[in-house]
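**Student:** Below, each chain spelled out in residue letters.
2 protein chains.
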Amino acid sequence: MTMTMLINGHEASSLPVGDRGLHYADGLFETIALRHGQPLLWQRHLQRLSTDCQRLGMPVPNHLLLREELDRIAGNEARAVAKIIVTRGIADSDYRPSPQSPVTRIVQRLPWPMYPPDVRRGVAVCWCKTRLAHQGQLAGIKQLNRVEQVLARAEWLDEYAEGLMRDSDGWVIEGTKTNLFVVCADGTLVTPDLSQSGVAGVMRAQILDSMASLGLNCRVQPVSVGLIDSAQELFLTNSLIGLWPIKQLEARPYVVGQISQKIQAALQAAGCVA
Amino acid sequence: MTMTMLINGHEASSLPVGDRGLHYADGLFETIALRHGQPLLWQRHLQRLSTDCQRLGMPVPNHLLLREELDRIAGNEARAVAKIIVTRGIADSDYRPSPQSPVTRIVQRLPWPMYPPDVRRGVAVCWCKTRLAHQGQLAGIKQLNRVEQVLARAEWLDEYAEGLMRDSDGWVIEGTKTNLFVVCADGTLVTPDLSQSGVAGVMRAQILDSMASLGLNCRVQPVSVGLIDSAQELFLTNSLIGLWPIKQLEARPYVVGQISQKIQAALQAAGCVA
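Respectively, the protein sequence lines represent chains A and B.
Numbering-wise, the first sequence is residues 1 to 274 according to this note's numbering.
Numbering-wise, the second sequence is residues 1 to 274 according to this note's numbering.
Certain hints may be false.
Because identical chains share one entry, a pair is satisfied inside a single copy or across any pair of copies.
To be verified - Once the Cα atoms are required to be at most 20 Å apart in a straight line, the calculated EDC-like pairs of lysine to aspartate or glutamate come out as:
id : residue 1 : residue 2
1  : 262       : 167
2  : 129       : 94
3  : 142       : 94
4  : 129       : 229
5  : 142       : 118
6  : 83        : 167
7  : 142       : 77
8  : 142       : 92
9  : 262       : 68
10 : 83        : 94
11 : 129       : 68
12 : 262       : 209
13 : 129       : 169
14 : 83        : 193
15 : 262       : 193
16 : 129       : 77
17 : 262       : 186
18 : 129       : 155
Calculated directly from the structure, the hints in this document are not laboratory data.
Isolated chain A (complex conformation):
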């Protein structure tokens, strides 16, 4: 039995109850695909974690230390998941963060999720009723607070692979655990602006950065339900799934088109997908 979890570098499976991650959701996480023990998109995950820590005023964990800890738990299964949680350490009795107090690092290996078969050839999704709040100070950050996503995920059982979430003004933002891309009628791509809500996914960033080399254009802008209605193709992304085309949004079918397939193949070829 290999080790699967380290807390601050020590083998452990439980956390001191006083941790600010539990008391205040005062922390961040990264979910990373492991292929034969190798983390995919590692530099991007590190980069986002560091930026998010800075935005919350948290010390940034040492990158080499995190990698060393990840390697210790990674194992060598064909596919697995590494989840890294970084919290602002032990809670004072007050919300006030102590700049001196060291962060807590939880580095953990989890089994690869059991996705339904054939998801790479297209999934059915629904609209969620739960709305995402506007909070510009936290938008984009992969923060521990996932309550809106939990409430949204409770809205359906297994009939859909994912649910699309809108913000309080009705703009379409993301799935509960995925980012969204829209292929417009003119062949350009759009992905929702995340300046007021949502999580800026690492796979989303990878795709945005590879657009030019694929001869594609993508704009980051507010996405209306109308744009979804008129879309030629729709697809979802995250670090584990890579890219799932949407073949149905509730009653409405969508074509799994060439642009989704082209990006999916490019991610695969670039070794970004487990």
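Following the hints, complete the assembly by docking chain B onto the known chain A.
**Tutor:** Frame of chain A; chain B shown alone:
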């Protein structure tokens, strides 16, 4: 050394890392004043916890069991704090809550906070820059996610006892850990409407329910910065502090007036304050 923490009824000081409280902030808490081991406003705390569980679709913990656990950790110091955390149990790898999975109950005694001297005769407060997001589905709930409060509390050191928070539209909602009451020029009271953000405090509820017997009127309504500017008195409340009059809001002094003192005395006389 008496026991100070129970997790699901067992003495413990650490929590399985897989708990949804840590992963998703998927849970609630209550902070309860203990006076010689007796919880104050116990029925109100239980009531709010139960209502909040129902709003999140979580099973409500058994009331007698919770009280029994609280009694086991309460000790008999003149003053202490009981913190009860209820989470949606062990995380699946998915946000989806499992209706079968039992909640986690953490019942813990903490030391009474070290408040500055003379706070009951008035405190100085500031405005926070961090805004509270609108999220009607969660507004009022004492949920584990306190990130906005952490960011707000990081805005000042010890020069103020509390900071006042506004929502994204500029309405005044509450302090980082307190509710706010405004005594208007005509002697009526107002406390902010919490239908879009904020925590509906137990002491706030106690005060609202005792208004009539004190011969006072209180309206729950949106509170503008202008109303704060024109206020005769201002005060803060929560389960631990009882009532703190505000004697200064940044550069602006306020009178610690008769109505604040009358309510403060009534809470004391009714045994609501430790």
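**Student:** Hint by hint, work out which the structure violates, then give me just those numbers in ascending order.
**Tutor:** Violated: hints 1, 5, 6, 7, 9, 11, 14, 15 and 16.
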